[in-house]
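Protein chains in written order, with the UniProt record's numbering: chain A, 1 to 467; chain B, 1 to 467.
The hints are simulated quantities; they were obtained by calculation from the structure and are not laboratory data.
On a predicted model such as this, the values are computed, not experimentally measured, just so you know.
Any given hint could turn out to be false.
If several chains are the same, the list does not tell them apart, and a pair holds so long as it fits within one copy or across any two.
Subject to a maximum C-alpha distance of 30 Å in a straight line, what follows is the list of computed BS3-like cross-link-like pairs (lysine-lysine) [said to hold, decoys possible]: (1) K437 - K220; (2) K68 - K437; (3) K437 - K267; (4) K327 - K22; (5) K106 - K437; (6) K22 - K437; (7) K344 - K267; (8) K402 - K22; (9) K68 - K327; (10) K220 - K344; (11) K220 - K74; (12) K327 - K74; (13) K437 - K327; (14) K267 - K22; (15) K267 - K220; (16) K74 - K267; (17) K437 - K344; (18) K22 - K220.
Protein chains: 2
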Amino acid sequence: MVQAIDLPRNESGIATVTGVLKQQFGDRFQTSAAVREQHGHTTTWIQNQMPDGVVFARSTQEVSDIVKVCAAHKVPVIAFGTGTSLEGHVNAPAGGISIDLTQMNKILTVHSEDLDCVIQPGVTREDLNTHLRDQGLFFPIDPGANASLGGMAATRASGTNAVRYGTMKDNVLALEAVMADGRIIRTAQRAKKSSAGYDLTRLLIGSEGTLGIITEITLKLQGIPEAISSARCSFPSVDAACQTVMQVIQFGIPVARIELLDALQVKACNAYSGLDLPETPLLLLEFHGSDAGVVEQAETFGAIADEFGGTGYTATTSTEERNALWKARHNAYWASLGLRPGAKGISTDVCVPISRLAEIVSAAQERLAELGFMAPIVGHVGDGNFHSLLLVDEDSAEEMEKAQSYVSWLAEMAISMDGTCTGEHGIGQGKMPYLVKELGEATEVMVAIKRALDPDNILNPGKVVTV
Amino acid sequence: MVQAIDLPRNESGIATVTGVLKQQFGDRFQTSAAVREQHGHTTTWIQNQMPDGVVFARSTQEVSDIVKVCAAHKVPVIAFGTGTSLEGHVNAPAGGISIDLTQMNKILTVHSEDLDCVIQPGVTREDLNTHLRDQGLFFPIDPGANASLGGMAATRASGTNAVRYGTMKDNVLALEAVMADGRIIRTAQRAKKSSAGYDLTRLLIGSEGTLGIITEITLKLQGIPEAISSARCSFPSVDAACQTVMQVIQFGIPVARIELLDALQVKACNAYSGLDLPETPLLLLEFHGSDAGVVEQAETFGAIADEFGGTGYTATTSTEERNALWKARHNAYWASLGLRPGAKGISTDVCVPISRLAEIVSAAQERLAELGFMAPIVGHVGDGNFHSLLLVDEDSAEEMEKAQSYVSWLAEMAISMDGTCTGEHGIGQGKMPYLVKELGEATEVMVAIKRALDPDNILNPGKVVTV
């Protein structure tokens, strides 16, 4: 467990706000240790810093009212979705109020003719897709967890489909948000494109609740493709697999998914999901298009894979086979934990220009071996993004120190390759020093924006930038 | 000609800065009326407000130096690319210095393996594509003019390919910019995706030089498709054409271009480009993909068009025929002016959810007829965006007043349909009142950002928002 830094607490303000919210929200305002702890950071390696109370909001107006009370007394407000962020995003280093948005989970309108929908922030990606299925539509962004769409927008999340469909920044048309003074704004209309003023939509996406609290989201949707085919192919080395990916991207095959699992990850998945895949680096793919189109994509991919020594290439349009394969991929995290029972998983998240991908993945594997870590690698490699999941004994100071040194080494290597310390997890508390290394003076511009929009630093303080 | 509002001038500051720049830049600092007038607003209907001097910068450091001088004396600085913006973006309502970036026109690096390139802001889209052609790459965004890429980024431009490839916001990976105090920042690294902090890239894109001056751009590139096919199809009515477009989008055909020309526009193009297209509403299309893919797309389109009474449908993979067709489309503006020699063209730019497209285009035609305007309509209809080009006698107060009433009526109708007053031209001076109507309190958040990043309001004052 990594110690998180506590910030000064405004005790009298917190006491006042707690009293007011108890009166206004009754049972929907909780201060029990269990609820508070669950709303502090519970995933991965950062110490839990509990809020002082959790309020379960049911409407934008309620969120606005809560923020106004907190603003009046300069008390921190932290937006909470499903709590599946990985870098301490929902911690309360200065205490304050967590606004749990899970009860704001209505799908308000689906405009199927415009391929968009308007939802509340607590809707999860799986719930949305279940709702859309009958209309032949889907929402493509799929981080590992069944996260809330508000949280996904706030962290600029992506997942396995980003190579084709982009990230949250590319799939949100407009937001409604409550600002630090409780004001409610709408960032854009529902038109597919606009040049109307500053792009507040994109400014809020990835701001991790530090500039505003997202209370409504207008999302772009996709039609479910006529045909979907999936494929897998084994490779003699990570390098060969990465070279293949580079060729696929440069060739312009519109792959919907292209995921790398290294040999250790394949081994873990075999054990966890009862598969018998060859325990060498593996690419999992998905093709979306017309019946003829997916066949053509699969064939073109096969020819490229062949050049790089790909073996056991099989493509299928069977929904059952496809689901089994992707279920195993989605369970990679749990499968990995099975490699070292009782261990904590610490995930890295660097992303580099694709020409540097093979090099950094190979270097990461060597470094992990040197440090003696068991750490499977999975990657959204079509975007140059991969995760190594370090399996550590969090009670061992030595292991934790080595893990931190690896995280730091990898972030700096990615940055030196013109890449980023975080492709999709966000900055939170854990990546703050790397953000400064990555973007230098630009972070001062971020600070200026934060100060302008949240002068009392009440929105999720201690995250993203140091104010 | 519409009178633009003058803002207070800082005469002593301007005199000082003018002297300093003359000394530092010699012949690269121009104060002749001709050069100054050319750098005030010259396109469409807004009065020219000249800067006091024009400096031709050659490097980021020079831009930074110029901004520092202007900042020290609180003198306006206006970035200038090709001067093809349409809403008074480059006007100097408070005087000041125009920084002409056309000499910063180097393509610095093409990373063909990563499908990106790094360029200076003065590179034009045609120059870039000429440079890329040999490498099998292209940059898809194509506003009507051969604009500079810095200007395109600053106005969040798009064009005929946006339906498939998005707008400038979707095709820029990173920016270098000079901020209001002369500081140079980089907004992102070159990785394809990132969750590293606030999205300053997207904040600067569309900020029209009011938050920073773009001095370097990292652009995403596309591989030239294996096959390109183009097509045209005539329709009995604008409504039938729009219904077809809606179906195409909802069906998920990945059209690269789908452009509407109304009957009057077809007539103008026939006359100007020596064509003999049927003078009824027309859709022009382009399909990108594999050889088989473009054939399939063209067939699917044909079947949909048939349902809505499309006639004369022809698709071709001939480069010559394709170029002739798209050249005629790109010359639509000049062709339109030919309908009323001596008239000024005033272009509208609304964009609505596609389900409302047929309705608003038909309403626009009716209104134009009522007002007695000759005003051809062209549209990037796959995005719900269209332009009516009003041909007006700018010396007639009555016509100008009617034109303004139409622009206003159309913007408000688009906003009432959850659309935007500007799909791609930007706010500049001309659309400022509509921005407030469209986004309400969100514009106050924009003002707060503007004040934080440019406290003395020296960067392109009098544009986008009122500070």
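To see whether the hints hold, each was checked on the structure:
1. Taking the shortest alpha-carbon separations for K437 and K220, only the inter-copy value of 24 Å comes in at or below 30 Å, while the best intra-copy value is 34 Å.
2. Taking CA atoms no more than 30 Å apart as the test, K68 paired with K437 passes between copies only; the shortest distance there is 25 Å, against 35 Å inside one copy.
3. In this homomeric assembly, K437 and K267 never come within 30 Å of each other (Cα to Cα): the closest approach is 36 Å inside a single copy and 58 Å across copies.
4. Taking CA atoms no more than 30 Å apart as the test, K327 paired with K22 passes in neither setting, with 43 Å inside one copy and 68 Å between copies.
5. Taking the closest pair of Cα atoms, K106 and K437 come within 30 Å of each other only across two copies (28 Å); inside a single copy the shortest separation is 40 Å, beyond that limit.
6. Within a single copy, K22 and K437 get their C-alpha atoms no closer than 43 Å, and across copies no closer than 38 Å, so neither meets the 30 Å cut-off.
7. Taking the shortest Cα distances, K344 and K267 sit within 30 Å of each other inside one copy (18 Å), while across copies they are farther apart (70 Å).
8. Taking the closest pair of Cα atoms, K402 and K22 never come within 30 Å of each other, the shortest separation being 44 Å inside a single copy and 58 Å across copies.
9. Proximity of K68 to K327 under the C-alpha cut-off of 30 Å is found in neither arrangement, the shortest distances being 43 Å within a copy and 56 Å between copies.
10. Taking the shortest Cα distances, K220 and K344 never come within 30 Å of each other, neither inside one copy (36 Å) nor across copies (38 Å).
11. Neither within a single protomer nor between protomers do K220 and K74 lie at most 30 Å apart by alpha-carbon distance, with minima of 36 Å and 43 Å respectively.
12. For the homomeric pair K327 and K74, neither the shortest alpha-carbon distance inside one copy (45 Å) nor that between copies (60 Å) is at most 30 Å.
13. Taking the shortest alpha-carbon separations for K437 and K327, neither the intra-copy value of 37 Å nor the inter-copy value of 47 Å comes in at or below 30 Å.
14. In this assembly of identical chains, K267 and K22 lie within 30 Å of each other by CA distance neither inside one copy nor across copies; the values are 51 Å within and 70 Å between.
15. Taking identical chains as interchangeable, the C-alpha atoms of K267 and K220 are never at most 30 Å apart, the minima being 37 Å within one chain and 36 Å between chains.
16. For a Cα distance limit of 30 Å, the shortest separation of K74 from K267 qualifies neither inside one copy, at 51 Å, nor across copies, at 65 Å.
17. For the identical chains of this complex, K437 and K344 are intra-copy neighbours only, at 27 Å inside a copy versus 52 Å across copies, given an alpha-carbon limit of 30 Å.
18. Taking the shortest Cα distances, K22 and K220 never come within 30 Å of each other, neither inside one copy (38 Å) nor across copies (51 Å).
Checked against the numbered hints above, the structure violates hints 3, 4, 6, 8, 9, 10, 11, 12, 13, 14, 15, 16, 18; every other hint is satisfied.
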